[in-house]
Amino acid sequence: MNLTLKIWRQKDSKSKGQMVDYKVTDISEHMSFLEMMDVLNEQLVNTGEEPVAFDHDCREGICGMCSMYINGEAHGPDRGVTTCQLHMRMFKDGDTITIEPFRATAFPVIKDLVVDRSSFERIQQAGGYISVNTSGNTQDANSIPISKHAADEAMDAATCIGCGACVATCKNSSAMLFVGAKVSQYALLPQGQVEAADRVRNMVAQMDLEGFGNCTNTGACEIECPKGISLDNIARMNRELMKASLS
Amino acid sequence: MSGFFKSSIGRKVAMALSAFFLMFFLLQHFAINLLSVFSGDLFNEVSHFMGTNWLIQFVMQPILIFGVVFHFVMGFILEIRNKQARTISYVKNNGSANSTWMSRNMIYSGIAILAFIILHFIDFWFPEINAKYIKGDWTGGHELVDGYRYFHELQVKFENPIRVAAYVLAFVFLALHLLHGFTSAFQSMGASTIRKKRLQTIGRIYSIAIPLGFIFIALFHHLNHH
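Protein chains in written order, with the UniProt record's numbering: chain A, 1 to 247; chain B, 1 to 226.
Hints are computed from structural coordinates only; laboratory data are not their basis. Cβ coordinates follow ideal geometry from the N, Cα and C atoms, glycine included. Any given hint might turn out to be false.
[As the list claims (entries may be wrong)] Computed cross-link-like contacts, EDC-like style, restricted to lysine to aspartate or glutamate with a CA-CA straight-line distance of at most 20 Å:
hint : chain 1 : residue 1 : chain 2 : residue 2
1    : B       : K92       : A       : D95
2    : B       : K6        : A       : E210
3    : B       : K6        : A       : D208
4    : B       : K83       : A       : E210
5    : B       : K157      : B       : D146
6    : B       : K196      : A       : E222
7    : B       : K6        : A       : D198
8    : B       : K83       : A       : D208
9    : B       : K196      : A       : D208
10   : B       : K196      : A       : E153
11   : A       : K171      : B       : E128
12   : B       : K92       : A       : D21
[Stated by the list, open to error] If you want a taste of the chain B side facing chain A, the calculated C-beta under 7 Å gives, among others:
hint : residue
13   : S8
14   : L78
15   : I80
16   : A85
17   : V91
18   : K92
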């Protein structure tokens with residue numbers, strides 16, 4: 001298929017960017033979106049132009065590295081997938097595809113479609129862990145009974161890959177789905193109870209400090225999340241913070 | 001606890017608490033207004049009680065005014081902060097792909113409701129304050145009618161079709177605001193509303209039935225008093 005691409009080009013974090021039009025031809029519907037971008041970049045390199053910078057790593061939907069706001073949606077029009085898993089069969093011959101970086105004050109653009117998501121790392125560092133003594137005397141994991149329901153919910157929350165699609169798609173650039181998932185994956189398990197109050201307080205404080213917006217419960221983040229992280233995690237985070245503030 | 005209300009989640013909770021209070025107020029306002037459809041005398045009696053009872057006038061009324069002002073001011077503050085969280089907009093954004101119009105436009109339905117409240121205050125509240133607190137008339141009487149004035153004033157106000165149209169439009173915006181706001185308030189308080197279908201159903205019934213009821217009352221008096 002032949003496509004017109006409207007891509008955000010920005011030389012560096014200080015430059016003012018703009019949308020630039022490109023044409024790509026003979027794109028297979030079996031290609032992933034990133035492979036289509038590879039074709040474009042090869043074309044640009046061959047003509048002596050600067051290739052489009054975009055984030056990618058595993059290309060298996062696991063690492064959370066790829067981003068892109070495609071035709072007005074984080075990770076494009078498909079559901080439950082990252083951009084690397086988005087296939088060109090989702091588009092038609094002759095389509096014009098708009099490709100932008102994830103937009104948020106807390107995700108500044110570094111170059112073209114690459115944004116700095118280290119604000120997520122700082123939130124995680126503020127409390128997204130458990131302090132466990134691993135000096136050779138850790139007990140067997142199976143000796144701590146955990147209900148199937150709690151284990152499943154914790155695992156579901158832990159599948160968050162921190163890609164930032166929730167922030168990108170939220171009209172308020174809120175990071176509450178990400179933080180809610182990270183708070184929940186520990187809050188649901190006995191190992192996470194010891195530091196539960198400090199964890200939620202510190203992670204929410206860091207989230208606010210990074211400049212993310214307030215959640216208004218539109219539910220867009222849950223729809224666009226490649227891992228289907230539930231809004232219930234935001235509700236649980238709210239409960240955890242209320243509980244921590246009262247204690 | 002003061003630190004909690006300075007956090008983003010604390011502000012959400014504060015918005016939800018004021019929303020619960022306003023939704024409860026709306027329900028009792030509707031119940032009293034509905035009396036006017038069945039009996040003018042009963043509506044007069046209840047209105048006079050509400051307008052002269054010291055607990056309602058000097059305790060509940062100030063709390064209500066604070067609740068209304070707080071909900072609007074906090075709504076605007078949150079909107080400004082949220083705008084700051086994305087200073088460069090998307091060239092193409094397909095919001096309808098993942099969220100409802102109501103959820104994305106709470107600020108605009110809220111502004112429409114604010115405009116209505118100002119009109120409503122000019123129509124009913126300011127004249128009452130003027131009669132009671134400026135002129136010192138606590139009798140509830142009117143020179144043109146025997147007994148209390150409240151039902152008569154209600155009928156006179158709804159004679160004007162432009163005013164009725166404005167009220168109907170405002171209640172449509174109120175329904176749109178509530179259709180998202182009801183479940184959103186519960187979600188902010190930590191309830192998993194998406195999973196709890198019953199809460200969603202109650203929310204939909206409340207959000208449509210109450211504004212529709214207010215529209216019915218306005219139209220009823222417009223059509224029955226000429």
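Hint check results:
1. Restraint check for K92 (chain B) and D95 (chain A): satisfied, since their Cα atoms lie roughly 14 Å apart, inside the 20 Å limit.
2. A distance of roughly 15 Å separates the Cα atoms of K6 (chain B) and E210 (chain A); the hinted pair therefore holds under the 20 Å criterion.
3. Among the hinted pairs, K6 (chain B) with D208 (chain A) is consistent with the structure: their alpha-carbon atoms are about 10 Å apart, no more than 20 Å.
4. Pair hint K83 (chain B) plus E210 (chain A) holds up; C-alpha atoms about 14 Å apart against a cutoff of 20 Å.
5. Our distance criterion of 20 Å between C-alpha atoms is met by K157 (chain B) and D146 (chain B), whose separation comes to about 18 Å.
6. For the hint pairing K196 (chain B) with E222 (chain A), the CA-to-CA distance comes to about 16 Å; that is within 20 Å, so the pair holds.
7. Simply put, K6 (chain B) and D198 (chain A) have alpha-carbon atoms about 17 Å apart, close enough for the 20 Å limit, and the pair holds.
8. For the proposed pair K83 (chain B) and D208 (chain A), the alpha carbon gap of about 14 Å is at most 20 Å, so the pair holds.
9. A hinted pair counts as satisfied when its Cα atoms are at most 20 Å apart, and K196 (chain B) with D208 (chain A) does not qualify at roughly 29 Å.
10. Pair hint K196 (chain B) plus E153 (chain A) holds up; C-alpha atoms about 17 Å apart against a cutoff of 20 Å.
11. With a CA separation close to 42 Å, the supplied pair K171 (chain A) and E128 (chain B) exceeds the 20 Å bound.
12. A hinted pair counts as satisfied when its Cα atoms are at most 20 Å apart, and K92 (chain B) with D21 (chain A) qualifies at roughly 14 Å.
13. This hint holds: S8 (chain B) has a C-beta 5 Å from the nearest C-beta of chain A, less than the 7 Å allowed.
14. For L78 (chain B), the suggested interface contact is upheld, since its CB lies about 5 Å from the closest CB of chain A, less than 7 Å.
15. Restraint check, I80 (chain B) versus chain A: the minimum CB separation of about 10 Å is more than 7 Å; hint violated.
16. A hinted interface residue such as A85 (chain B) counts as satisfied when its beta carbon comes closer than 7 Å to some beta carbon of chain A; here the least separation is about 3 Å, so the hint holds.
17. A distance limit of 7 Å between C-beta atoms decides the matter here; for V91 (chain B) the minimum to chain A is near 6 Å, and the interface restraint holds.
18. Interface hint status for K92 (chain B): upheld, as the beta-carbon distance to the closest one in chain A is roughly 4 Å, under 7 Å.
Violated hints, in rising order: 9, 11 and 15; the structure is consistent with all others.
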